[in-house]
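Enquirer: Those protein sequences? They're chains F and R, same order as listed.
For the first sequence, the positions run 41 to 150 when the working numbering is used.
For the second sequence, the positions run 797 to 932 when the working numbering is used.
It is worth saying that the hints were derived from the structure and are not from the lab.
Please read these numbers as outputs of a predicted model, since none were measured by experiment.
Just so you know, nobody snuck in bad clues.
Simulated coverage check for chain R against chain F, where a stretch passes if three residues somewhere in it have a Cβ under 8 Å from a Cβ of chain F:
#: 1; region: 800-812
#: 2; region: 815-824
#: 3; region: 828-842
#: 4; region: 890-899
#: 5; region: 902-911
Here are the simulated SDA-like cross-link-like pairs (lysine to any residue), alpha carbons at most 25 Å apart as the crow flies:
#: 6; chain 1: F; residue 1: 66; chain 2: R; residue 2: 820
#: 7; chain 1: F; residue 1: 82; chain 2: R; residue 2: 909
#: 8; chain 1: F; residue 1: 82; chain 2: R; residue 2: 828
#: 9; chain 1: R; residue 1: 883; chain 2: R; residue 2: 923
#: 10; chain 1: F; residue 1: 66; chain 2: R; residue 2: 831
#: 11; chain 1: R; residue 1: 823; chain 2: F; residue 2: 63
Here a beta-carbon is modelled for each residue, glycine too, at the ideal position from N, C-alpha and C.
Read off the chains here:
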Amino acid sequence: MLVKEVVEKLNLKVFSSKEGLDREVKGGYTSDLLSDVMGYSKEGQIWITLQTHKNIMAIATLKDLAAVILVKGFEPEADTLETANSEGIPVLGSDLEAFELSGILFNMLK
Amino acid sequence: MHLEYNVEGGDFTRAGYASSQIKKTLKQLNVDATVIKRVVVALYEAEVNIVAHAYRGVIYADINGAGIQLRLADEGPGIADVDMAMKRGFSTASREVREMGFGAGMGLPNISENADNFSIDTIVGKGTTLNIEIKF
Ligand SMILES: Nc1ncnc2c1ncn2[C@@H]1O[C@H](COP(=O)(O)OP(=O)(O)O)[C@@H](O)[C@H]1O
Ligand SMILES: [Mg+2]
Chain F
41 MLVKEVVEKL
51 NLKVFSSKEG
61 LDREVKGGYT
71 SDLLSDVMGY
81 SKEGQIWITL
91 QTHKNIMAIA
101 TLKDLAAVIL
111 VKGFEPEADT
121 LETANSEGIP
131 VLGSDLEAFE
141 LSGILFNMLK
Chain R
797 MHLEYNVEGG
807 DFTRAGYASS
817 QIKKTLKQLN
827 VDATVIKRVV
837 VALYEAEVNI
847 VAHAYRGVIY
857 ADINGAGIQL
867 RLADEGPGIA
877 DVDMAMKRGF
887 STASREVREM
897 GFGAGMGLPN
907 ISENADNFSI
917 DTIVGKGTTL
927 NIEIKF
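With these hints in hand, go ahead and build the complete structure from the sequences.
Expert: In structure tokens form, the structure reads like this:
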């Protein structure tokens, strides 16, 4: 499944990097601990988190993640968007909580 | 090939810069993707530790056909109990740093898991030097 199909099905806001929407999603990882995501997320996964600061893009880039979804209506900080746009990794948003969003995405991808 | 990067303590806006530069270099050198992934995890954690726990530091990377040798030397408080610091979940990070999602106490254990050789030299009140080797 492509990032843009996830966006459509989950009715996500697209905050940045439309050019990254055609990328294949290989799974998901839900965590707000940066070292956890750094250590254990895998290339091509979508990262679900409530962290909104710029360092999430450093991690998404270093780990080659497909996209980041911010939960509960959180919005990315300005410098997060700047980095996201220069790296081409979509930052997406949902009003759902991490638990619900992860459950739905899990079922969509399995 | 020899690379050097300065890292400022406390400046989280630039955390990960050296890691991404070294990652790009390894990609250009066509290093195996699974090896690059291990370097990235170990190096990022070590870089962030300078930002989170020390005053300033320098990252030295030496790359040859056999592997990458990383040395991260910082001026900082040092580590009083290295065995304790190596335990998963142990962290002295401040509340602000934890709220950003850092300070899970997983950095040093993750470095250890991803490195072929890893050592910590530290002097309390002076600073810490990490040596990390990853073979290609
Ligand atoms: N470069 C360093 N200088 C001083 N103390 C450090 C350094 N690196 C690690 N430490 C100490 O070791 C602890 C564990 O480090 P780590 O496993 O990376 O977890 P975290 O950074 O999340 O606290 C830190 O909380 C800190 O007390
Ligand atoms: Mg750390």
